Structures are given as C-alpha cells and as structure tokens.
Amino acid sequence: MIAEIGLYALILAFLMAASQTFFGLAGAGTRRLRWMAVTRPAAFGQLFFMALSYGCLTDLFVTSNYSVRYVAKYSNALMPFFYRVAGVWGAHEGSMMLWMLVLALWTALVAVFSRKLPVVFANRVLGVLGAIACGFFLFTLITSNPFVRLLPPALHGGTLNPILEDPLLVIHPPMLYMGYVGLSVAFAFAVAALIGGRMDAAWARWTRPWTLAAWIFLTVGIVLGSFWSYYELGWGGWWFWDPVENASFMPWLVATALIHSLAVSEKRGAFKSWTALLAIAGFSLSLLGTFLVRSGVLISIHAFAMDPRRGMFILVLLGVMSALALAVYIWRAPLLWEDGGGFRFLSRETLILCNNILLVTGAAAVFIGTIYPLFIEVFGLGRLSVGPPYFDHVFIPIMFPLFVLIGIGPYLGWKSGSLRALFRRLWIPALLWLLAALLLLFLASDSHWPLMTWLGVLFGSWVLLTAFVEPLRRLWLRFRGEPVRLPSGVLGMSLAHFGVGVIILGITVSTTLGVWRDMPLKPGQSYRMAGFRYRFDAIGPARGRNWTGVRATFSIFHQGRLFAVVHPEKRHFFPDGGTTTNAAIVGGGLHDLFVSLGNPLGREKWSLRFRYEPMVIFVWLGGLLMALGGLLALADRRYRIALEVHPFLPIEEAPKPRDPVEEESS
Amino acid sequence: MKKRSRYLIGAIPLVLATGLLVVLWAGLSHQPSIIPSPLIGRLAPPLTLPRLAHPDREVTPMVFRNHVTLLNVWASWCVSCQYEHPTLLWLKRHGVRILGLDYKDHRIPALAYLKKYGNPYVKVAYDRRGLATINWGVYGTPETFVVGPHGHIRYKYVGPIPLSVARRTILPLVHRLRLDESVS
Numbered sequence: 001m002i003a004e005i006g007l008y009a010l011i012l013a014f015l016m017a018a019s020q021t022f023f024g025l026a027g028a029g030t031r032r033l034r035w036m037a038v039t040r041p042a043a044f045g046q047l048f049f050m051a052l053s054y055g056c057l058t059d060l061f062v063t064s065n066y067s068v069r070y071v072a073k074y075s076n077a078l079m080p081f082f083y084r085v086a087g088v089w090g091a092h093e094g095s096m097m098l099w100m101l102v103l104a105l106w107t108a109l110v111a112v113f114s115r116k117l118p119v120v121f122a123n124r125v126l127g128v129l130g131a132i133a134c135g136f137f138l139f140t141l142i143t144s145n146p147f148v149r150l151l152p153p154a155l156h157g158g159t160l161n162p163i164l165e166d167p168l169l170v171i172h173p174p175m176l177y178m179g180y181v182g183l184s185v186a187f188a189f190a191v192a193a194l195i196g197g198r199m200d201a202a203w204a205r206w207t208r209p210w211t212l213a214a215w216i217f218l219t220v221g222i223v224l225g226s227f228w229s230y231y232e233l234g235w236g237g238w239w240f241w242d243p244v245e246n247a248s249f250m251p252w253l254v255a256t257a258l259i260h261s262l263a264v265s266e267k268r269g270a271f272k273s274w275t276a277l278l279a280i281a282g283f284s285l286s287l288l289g290t291f292l293v294r295s296g297v298l299i300s301i302h303a304f305a306m307d308p309r310r311g312m313f314i315l316v317l318l319g320v321m322s323a324l325a326l327a328v329y330i331w332r333a334p335l336l337w338e339d340g341g342g343f344r345f346l347s348r349e350t351l352i353l354c355n356n357i358l359l360v361t362g363a364a365a366v367f368i369g370t371i372y373p374l375f376i377e378v379f380g381l382g383r384l385s386v387g388p389p390y391f392d393h394v395f396i397p398i399m400f401p402l403f404v405l406i407g408i409g410p411y412l413g414w415k416s417g418s419l420r421a422l423f424r425r426l427w428i429p430a431l432l433w434l435l436a437a438l439l440l441l442f443l444a445s446d447s448h449w450p451l452m453t454w455l456g457v458l459f460g461s462w463v464l465l466t467a468f469v470e471p472l473r474r475l476w477l478r479f480r481g482e483p484v485r486l487p488s489g490v491l492g493m494s495l496a497h498f499g500v501g502v503i504i505l506g507i508t509v510s511t512t513l514g515v516w517r518d519m520p521l522k523p524g525q526s527y528r529m530a531g532f533r534y535r536f537d538a539i540g541p542a543r544g545r546n547w548t549g550v551r552a553t554f555s556i557f558h559q560g561r562l563f564a565v566v567h568p569e570k571r572h573f574f575p576d577g578g579t580t581t582n583a584a585i586v587g588g589g590l591h592d593l594f595v596s597l598g599n600p601l602g603r604e605k606w607s608l609r610f611r612y613e614p615m616v617i618f619v620w621l622g623g624l625l626m627a628l629g630g631l632l633a634l635a636d637r638r639y640r641i642a643l644e645v646h647p648f649l650p651i652e653e654a655p656k657p658r659d660p661v662e663e664e665s666s
Numbered sequence: 001m002k003k004r005s006r007y008l009i010g011a012i013p014l015v016l017a018t019g020l021l022v023v024l025w026a027g028l029s030h031q032p033s034i035i036p037s038p039l040i041g042r043l044a045p046p047l048t049l050p051r052l053a054h055p056d057r058e059v060t061p062m063v064f065r066n067h068v069t070l071l072n073v074w075a076s077w078c079v080s081c082q083y084e085h086p087t088l089l090w091l092k093r094h095g096v097r098i099l100g101l102d103y104k105d106h107r108i109p110a111l112a113y114l115k116k117y118g119n120p121y122v123k124v125a126y127d128r129r130g131l132a133t134i135n136w137g138v139y140g141t142p143e144t145f146v147v148g149p150h151g152h153i154r155y156k157y158v159g160p161i162p163l164s165v166a167r168r169t170i171l172p173l174v175h176r177l178r179l180d181e182s183v184s
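Heads up: the sequence lines are chains Z and F, in that order. With the working numbering as the guide, the letters of the first sequence map in order to residues 1 to 666. With the working numbering as the guide, the letters of the second sequence map in order to residues 1 to 184.
No lab work stands behind these hints: they were computed from the structure. Where hints are given, some of them may not hold.
[Unchecked claim] Calculated cross-link-like contacts (lysine-lysine; reagent style BS3-like; alpha-carbon spacing at most 30 Å): (1) Z/605 x F/104; (2) F/116 x Z/605; (3) F/104 x F/123; (4) F/115 x Z/605; (5) F/115 x F/104; (6) F/104 x F/92; (7) F/92 x F/116; (8) F/116 x F/104; (9) Z/73 x F/92; (10) F/92 x F/123; (11) Z/522 x Z/605; (12) F/115 x F/92; (13) F/116 x Z/73; (14) Z/415 x F/3; (15) Z/73 x F/3; (16) Z/522 x F/104.
Predicted, not measured: the structure shown is a model, and the values here were computed from it.
This is chain Z alone, in the form it adopts within the complex (with noise of 0.2 Å):
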C-alpha cells in the first residue's frame, strides 16, 4: 500500500512539474497574470509530492518492506536504523529520488525568493527548472521506479554495498547532489534571462547567491567525499582522479569560475555571454557527471548502475537540455556584444579573465583526462586508462598561475588599477613573504626537499599571507576613525582564498613528504618509520551488529614514549559478504599515521600498510574553510538589498538596483 501511495505520489509530483513548466514558460511568453499565477503553486506542490513519495520510500526501508524490489535488494533488518534511513539514496533509484527532491527543495526555494524578481523573469526561471526536473521524473518513472513490487516477496534483504555503510558517506551524497542540482539554478537564470534576451546587472546580482549556495554544498560535498575515502578505503591517499571524483570536480571548477565572472557580470556588466555559457556548462557538466556514473561508460568504484538504458536516456537528457540551451544562446547571444565596459590591461578584469581561463583549462584538462579513454575505444585505438600522473602533470601546473593571481585579483582595481595602488596594498605582504622564504630556505636548507614541495610552500604562503590584506586594511581605517564598511562579502572572499592557501600547503606536504611502507609482521613484532615505532602487539577476532572481522592492537611510541594505540581493523559483512579495510589513523594535527591491516600471510604474519601524513587533514580544513567563506559572502546584505525590485515590472524596465557597497576598493 505504502508502496502504491508512494508512486502516485511521484506520478502527482511529475505532473506538478510539468504544468510548472508549461504555465512558466507559456505564462511568460504570452504574459496571462493568470497562467503564471499556477507556476509557483505548482512549485510547492512538486515540492509536496516528491518529499511524499521520498517518504514513502523511506517508510519501506525503516520498515524492511521486502516485497518491494529496490528495498529487498538492499536494505536489511541487520542495519542499524539510521543506515536504514540512508540506504534509501545508497543505489540507483533511490539516489534519483534524493536528486528530485533536491531539485524540488531548490525550485521551492526560487518560487519563495523569487517574489520580489519580476514577475515574468521569475516564471521563466521556475519553467525551465520545471523542464528540468520533468526530464528526471520521466527517467525515473520509465527505468528506474523503485516501488517495482517483488512477487513472491524475498525472505531476507540485501545489503548496502559495506563500504558505503559509514556516517560520513551518509551525508555526502546528499550535500554533492544539493551542490550538483543547485547549478541547476544558475543554469535556468541564465536560460530564462537569454529568452528574455537581456541580461543585465540585476540578473548577475540575483544569480549570484544561488551560485554561491550551490557552490558551497558542492565544495563540502567534495571535503567530505576525499575525507570518507581517506579513511574508509583503507589504503590511504584523499584524492584518486576517479571518473567520479572528476564529474565533481568539474562542475565545481566551473562553478568556481561562474562565481568569479558573475562579479565582473555585476559589477561592470562585462562578460556577459560568458557567463552564461559558464552557467550552462556548469549544470551541463553535473549532468555529463551522472551519465559518466550511471551509464557504466567509464567503470569506477562508484559506477553501482551498469545499465545502458538508464544512460541512453541520460544522454538522451543531457543532449537535449544543453543543445536548447546552446540554442538559445546562440539565439540571444549576438545581442549580449553590445555593451562590455571597456576595461584597460592593468585591471582587475582582466585578472579575473585570466581567473577564468584557468579555471576552465583546468576543468577541460581533467574532462579530456576523463574522457580521453572513451574516445580511443570509440575510433577503435584500443583501450588504455588515463591515470593519476596524467592529472599530477596537466593540472597542477596550470592552478600556478591561479595561485599568484590570487593574491593581486583583490587588490586591483576595476576598470584600470594602478601599479602603484597595487604595490601600497602588497609591499607589506610581500616583504612578508620573502622574510618568510628566505626563512625557510635557512630553516629546511638540510632537509632535501623535492622542488615540488619548495614551490606548493612558496606559491602556498603568497595566497595565505595576501589573503587578508583587504579587510585588515579596511580594519586599520576604521580604526583611524575612517568611514569604511567591511561587508561580509569581502571577508568570505578573503577566507576562502585563505583556504586556497591552506588546502596548497596541505596537498603539498602531504604528497611530496608523505612516507608509505607495506611490511609483514607478526605480533610481538616491531617497525620504525619517519621517526616513530609501531608494535604489533596482538590480533584477534572482533564483531559488530552484522560484520565479524579481524582487530589488531598497535602501539605507536615516539621518542621513546608511548605516543597511541591503534586498532585497524577488516571487517567482513554478512549476509552478503563483502570485506572493508578500516585503517587505524590518529594524529589529525601536524600530521597522521595511518595503520591499515591487509591479508593474513601465513605462520602468523600479516601484511601491513604504514603511512606517514604530513599536514594531510590541511586539505580538507582548507576546503571547508572555502566552504565558510563562501557562507559568509552568501551572508552579504547586498544580495536581500538588491532583490527589493517592483515585483511587476517587465524585467527590461526594471529600474538598476541602488548599490549600497559603492565600489569601495576601486
């Protein structure tokens, strides 16, 4: 029963989403008050029967309904009831149902903070997210229902795959959808503004903070997704350049980028046909990024849906969104030349121009690295993988660039900055920076280190020390009794590139001056690595609510002195089998070691991976310190200031909204 209410909910919820589309579109395009007066309604009432439908669903897991198909074939009465809950979005059609309601949450979100945007513009906006999210209903509906009955029902249930059975993982799809789908935002303001055919500061403006929403849920979807992998896959190492780490950190590359150029579209109205088209590849790219995982084109840990239905009809999907996009853009595009706002070489333009370029070679660097092995098996050169050293090579010497950059973008100014201004703001930095080196240079001049790891120090120290230079100086002018603000735009700017920092001196240290040893050893047993000393003290068996496994105790001494104990474990889940590797890992300061158990070698030894991690956790500290500083420009009062339009007027009159934050570091 539960089951059945739960389609038709879904069904209800489809319909909802299409008569939002058709009234938005239609409504905005023949201007009847009336017509679009259905769409936000029917905003809600997709919003309504998809969190029912979700619910329902949920319902069968919590209750282990095994006379559903979906739920027999993974959940079970054994798991703990919060992974119960999770299971839901733990395979395929349960994870396209979290997609849905996401995208539901984000349009109901739009129809209530859409009020004050003209009415048209705002219509517009909720129809093409009702046209997208009617593609994803009919996916659903038509490949992947997970009501489908099971006749006669299963006697027991199946089980999530085990490693995905962790807290962390929990909630990281959700986070990474809510960024993926909340592109999607950006995406229809940016189609719904090229209808309109005008795209001016107030579009840039009401763009930018649901970007920068999306964009923080995909930066901490991604922290979360590197961490989980770190301790939970058990052999070490945060960041693999998987098929499936790569379709997030694409569209997170371009949204970075989206973010950037939006300021500029705001600020100084250039850019703006780029913007849009960054918009577009934006939610295009999450798109490419479910088609990668769910069609089993490129095989990966990840890929749980190897069926090549469900990606024609992703395909099928992702071709037709983004070809009418392009089409659009092409449409509206030429219209977009007219005004660009002249800017000199010297400006902060232009640095952001560069910003972008970057970001966006970057972006097709890891996209080529992505795709390149499709394309040789597609014109038959056989097959091949593009590994890591691939991305180490390509990528990273192009985010070099970007680091510099980061620490003058802010600091000049728009339209022509002066050399001079820009060397007022920085000398002090600067000196800084070079004390700092030459420090360095004294201090570690002794310790070897590779080239690799002298230049993430240098380039990282130059973004950590310029970072905060804007709002300290702005500080020590209010303090001299000035008049100067400090938004919390500025500030979230200033901590997220200071996360750029910390997340380059992570990846740097962790890399180049991380140690790994694999060594068998039998208990009683002892080893030395990196300056400390791990025992082996004893092994034996261990069980939890539905895996038996095998625990080992280590002491880890440092200079003599018992610094932990350790407990890694490998754990065997049943009913399914299955096996984990849970690596024993403490310090999460300066650096961590990291114990993992691996496979019994006979005569009592076991095979063991040691690993030394230098400043590692820095990565991901420096993600969510992004995260926060992209919160905290979210927090800027300018974006609810900007929002108080008529709510009648056409979007082509709307009068330019006043800009409290005159342009203050100009």
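Based on these hints, arrange chain F on the given structure of chain Z.
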C-alpha cells in the same frame, strides 16, 4: 563585428557539445566485447594447469576433445564476474559445458566464491600467476571463449556476458557447433 560572424561564434559551444554527445553515444552503444580476436578459427593454445579443487590433478588440452566447451576466465576478486555469474549458471542449466579458468587468484577465496554463488563449471583450471593464459590473449576477467570439439576457438567475448548475448548468440552457436563438427 558583423552580426553573422557573431552567430557563428555563438554556435561554437553547440557544435562542440554536439560532437561530444555523438562520441558519448558511440561509447554507450560501442561493444568493446566484439573486438575480433586473432585466435578465432585457430586451434586453441595448449592449456595444462592444475585444477582448483584438486591441486594434484591437471586440466590438459584433452578437455576440449569431443565436446563443445565454453572456457570462462574468472577470478574471485573480479566484480564483473559476479554480474556474469547468473548467466553462466543459466548456460549450465541449458546444457552448456563450461570450463572455468581461475585467473591470478588464491585457492581459498576462489573456492568460497564458487560455494557462495554456485558452481557452473565442470572443471576449473587454476592459473595462479596468469602465465598460461597469455597465449590465449587474455588481458582481464571475465573473458569467454567457445571452443569446438576439435579444439578450434570459434568465438570470444570480452567482459561479462549479458543474458541476451548468452541466449541469442552463445547458446545457438554451441548447438550449431555440436551439429556441424561432431559429425566428421
């Protein structure tokens, strides 16, 4: 700039995207599994290996004589093999004789795998280091060969066999080979 050239420039993204979509489409419908093997039509390379369950006994090239045999290369660590497993069981139920070749594996997990998922094989040859299979051109698991009663390789499939291929291609081929070749 002229308006026409603006439209042309604006069209670049669409052209690029279309090209990409075509490649993705091709990738989706592309069957990596039907790469022709130079071995097809030739005599099967020699295969002498210990058996998985009985290390003291051997599988010899004689196994192919007088039977149409499916040689399936698998391993307990191979996830795609698990996808394929029901298909193999289905083929066994339809009277196909399947010879397993356990590739770069360990005995204990391999036997546990067969116990857990069912054993579709008449015998399993055990190639601990994957050396004997080099002559067969095997570069991954699963891979499947159809060997005729005179020891000729007739068909090769790379990757997990979908049930549809088993039903439409492999089973009819096995029947045909039985009729065609065993008469002589």
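Structure-based check of all given hints:
Restraint check for residue 605 of chain Z and residue 104 of chain F: the C-alpha separation of about 22 Å stays at or below 30 Å, so the hint holds. For the proposed pair residue 116 of chain F and residue 605 of chain Z, the alpha carbon gap of about 27 Å is at most 30 Å, so the pair holds. A hinted pair counts as satisfied when its Cα atoms are at most 30 Å apart, and residue 104 of chain F with residue 123 of chain F qualifies at roughly 17 Å. This hinted pair checks out: residue 115 of chain F and residue 605 of chain Z have alpha carbons roughly 27 Å apart, not beyond 30 Å.
With a CA separation close to 19 Å, the supplied pair residue 115 of chain F and residue 104 of chain F stays within the 30 Å bound. Note on residue 104 of chain F and residue 92 of chain F: the hinted pairing holds, with a Cα-Cα distance of about 24 Å set against a maximum of 30 Å. Proximity of residue 92 of chain F to residue 116 of chain F is assessed by CA-CA distance (about 17 Å); at most 30 Å being required, the pair is judged to hold. Distance restraint check for residue 116 of chain F and residue 104 of chain F: the Cα-Cα separation of roughly 19 Å lies within the 30 Å cut-off, and the hinted pair is therefore satisfied.
At roughly 25 Å between alpha-carbon atoms, residue 73 of chain Z and residue 92 of chain F fall within 30 Å of each other, so this suggested pair holds. Distance restraint check for residue 92 of chain F and residue 123 of chain F: the Cα-Cα separation of roughly 12 Å lies within the 30 Å cut-off, and the hinted pair is therefore satisfied. Distance restraint check for residue 522 of chain Z and residue 605 of chain Z: the Cα-Cα separation of roughly 4 Å lies within the 30 Å cut-off, and the hinted pair is therefore satisfied. The straight-line distance between the Cα atoms of residue 115 of chain F and residue 92 of chain F is roughly 16 Å, inside the 30 Å bound, and the hint therefore holds.
Among the hinted pairs, residue 116 of chain F with residue 73 of chain Z is consistent with the structure: their alpha-carbon atoms are about 17 Å apart, no more than 30 Å. With a CA separation close to 27 Å, the supplied pair residue 415 of chain Z and residue 3 of chain F stays within the 30 Å bound. With a CA separation close to 58 Å, the supplied pair residue 73 of chain Z and residue 3 of chain F exceeds the 30 Å bound. About 26 Å separates the Cα atoms of residue 522 of chain Z and residue 104 of chain F, which keeps this hinted pair within 30 Å; it holds.
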